[in-house]
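Counting in the numbering used here, the sequence shown runs from -10 upward without gaps.
Note that these hints are calculated values from the structure, not bench results. Any given hint could be a false lead.
Pairwise CB distance ranges (calculated) [as the list claims (entries may be wrong)]:
{"id": "1", "residue 1": "Ala108", "residue 2": "Lys139", "range": "23 to 29 Å"}
{"id": "2", "residue 1": "Ala108", "residue 2": "Ala62", "range": "18 to 24 Å"}
{"id": "3", "residue 1": "Asp156", "residue 2": "Ser57", "range": "31 to 37 Å"}
{"id": "4", "residue 1": "Ser91", "residue 2": "Leu117", "range": "28 to 34 Å"}
{"id": "5", "residue 1": "Asn116", "residue 2": "Lys139", "range": "27 to 33 Å"}
All C-beta atoms, glycine included, are put in the ideal place defined by N, C-alpha and C.
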Amino acid sequence: MRLNSIVCCGLFACLLVGCGEESFPPPPPPVLSTDTVEPVIEKTVAVDVHLPGERKAFDGLKFAVPASWEEVALSDFQKGVISAKFTMPQAGSDVTLTLSRSGGGIEANLSRWRGQITAARPEVTDNLSVAGVDATLIDMEGRFSGGFGKDPQDGWRMVGIIVPLSDQGYFLKLTGPVAEVAAVEEEFRNFAKSATQE
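Assemble the whole structure, with the sequences as input and the hints as a guide.
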């Protein structure tokens, strides 16, 4: 009897204080109500980027225009004669490129350009492909009389390209002081070679 009493007391004590270490699982995390959580919304911002080599059309041909070039407004006198005009500020304030179209053959237009230069060195001519057409390049230096009311300029260079399209000639004419033209000559040639017909 006494032994039974001791065993019963021991069991009762275990029930009160615990008979050993037991591990209990951690309580579950609190459940958040979806009513109190604001959804994350991603916003897209449109950015206007002027990419180098942006393609632009000028009177029938489309070119990759270097990002550093600036297209300038034409005067009333130039409109109808010139399709577009660019400056290249990184090369200097006097270098310009004009694009135009007109009739006449290659030789007649080369002669017209030769008449604008009192040559200080022999001219250089070359052939290249522009918009899939065999074009002619002429490179001259000397005293330049470009017209449009400007006084003649000494120490200038003109690099011109004539593209004989099916209906008219297309003319690319780069002019300016010798050093300024030299600074953009490679860009100018790449610009011409980038041309495609619309």
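Now for the hints, and whether the structure bears them out:
1. For the pair Ala108 and Lys139, the supplied restraint of 23 to 29 Å is violated, since their beta-carbon distance comes to about 19 Å.
2. Remark: the range hint 18 to 24 Å for Ala108 to Ala62 is contradicted by a beta-carbon distance near 32 Å.
3. Restraint check, Asp156 to Ser57: a C-beta distance of roughly 32 Å satisfies the suggested window 31 to 37 Å.
4. Distance hint for Ser91 and Leu117: a CB-CB separation of about 20 Å, inconsistent with the stated range 28 to 34 Å.
5. As the Cβ distance of Asn116 to Lys139 is approximately 30 Å, the hint placing it in 27 to 33 Å holds.
Consistency note: the structure conflicts with the earlier hints numbered 1, 2, 4.
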